[in-house]
Amino acid sequence: MPSSIIVANKSSVPIRVFVSKYTNSKGHDDWYTLAPGTSDSWERSGWELVAFKNDDDSDRSGVYVHANHSVTYHSLHNLTIG
Numbered sequence: 001m002p003s004s005i006i007v008a009n010k011s012s013v014p015i016r017v018f019v020s021k022y023t024n025s026k027g028h029d030d031w032y033t034l035a036p037g038t039s040d041s042w043e044r045s046g047w048e049l050v051a052f053k054n055d056d057d058s059d060r061s062g063v064y065v066h067a068n069h070s071v072t073y074h075s076l077h078n079l080t081i082g
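In the working numbering, the protein residues as written are 1 to 82.
These are calculated hints, taken from the structure and not from any lab test. Please note: incorrect hints may appear among the correct ones.
Pairwise CB distance ranges (calculated) [what the hints assert, rightly or not]:
{"hint": "1", "residue 1": "D56", "residue 2": "P2", "range": "33 to 41 Å"}
{"hint": "2", "residue 1": "Y22", "residue 2": "T80", "range": "17 to 25 Å"}
{"hint": "3", "residue 1": "D55", "residue 2": "P2", "range": "30 to 38 Å"}
{"hint": "4", "residue 1": "P2", "residue 2": "S58", "range": "15 to 23 Å"}
{"hint": "5", "residue 1": "S3", "residue 2": "S58", "range": "27 to 35 Å"}
{"hint": "6", "residue 1": "N54", "residue 2": "H28", "range": "15 to 23 Å"}
{"hint": "7", "residue 1": "N68", "residue 2": "Y32", "range": "15 to 23 Å"}
{"hint": "8", "residue 1": "S45", "residue 2": "S12", "range": "31 to 39 Å"}
{"hint": "9", "residue 1": "Y32", "residue 2": "H66", "range": "15 to 23 Å"}
{"hint": "10", "residue 1": "D56", "residue 2": "K26", "range": "26 to 34 Å"}
{"hint": "11", "residue 1": "S41", "residue 2": "H74", "range": "13 to 21 Å"}
{"hint": "12", "residue 1": "G46", "residue 2": "T72", "range": "30 to 38 Å"}
All residues carry an ideal CB built from backbone N, CA and C; glycine is no exception.
Modelling step: build the complete structure from the supplied sequences, incorporating the hints.
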């Protein structure tokens, strides 16, 4: 089974999320909208940057995460790595 990074949105608003593609050149690294209460996964095999931004792109946050881990978004500056 391929390795992946899972991002979960535990907030009450849609979020904008980006996952770098250092370990998967065929992966996508576009900004993606994740609805409240949902999650998605990105196929990756090593360290990647998971970033978030607000709607008008005036604030951002992010973390480096290794594949087979998850990032849970609670708010822009409240992220949990699991």
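Hint-by-hint comparison with the structure:
1. D56 x P2: 33 to 41 Å: With a Cβ separation near 35 Å, D56 and P2 satisfy 33 to 41 Å, so the hint holds.
2. Y22 x T80: 17 to 25 Å: holds (22 Å)
3. D55 x P2: 30 to 38 Å: holds (32 Å)
4. P2 x S58: 15 to 23 Å: violated (35 Å)
5. S3 x S58: 27 to 35 Å: Holds, since S3 and S58 (Cβ atoms, about 33 Å apart) stay within the stated range.
6. N54 x H28: 15 to 23 Å: With a Cβ separation near 21 Å, N54 and H28 satisfy 15 to 23 Å, so the hint holds.
7. N68 x Y32: 15 to 23 Å: The hint (15 to 23 Å, Cβ to Cβ) holds, given that N68 and Y32 are roughly 20 Å apart.
8. S45 x S12: 31 to 39 Å: Holds, at about 33 Å.
9. Y32 x H66: 15 to 23 Å: holds (20 Å)
10. D56 x K26: 26 to 34 Å: holds (31 Å)
11. S41 x H74: 13 to 21 Å: holds (19 Å)
12. G46 x T72: 30 to 38 Å: Hint violated: Cβ distance 21 Å, outside 30 to 38 Å.
In terms of the numbered hints stated before, the structure departs from hints 4 and 12, listed from lowest to highest.
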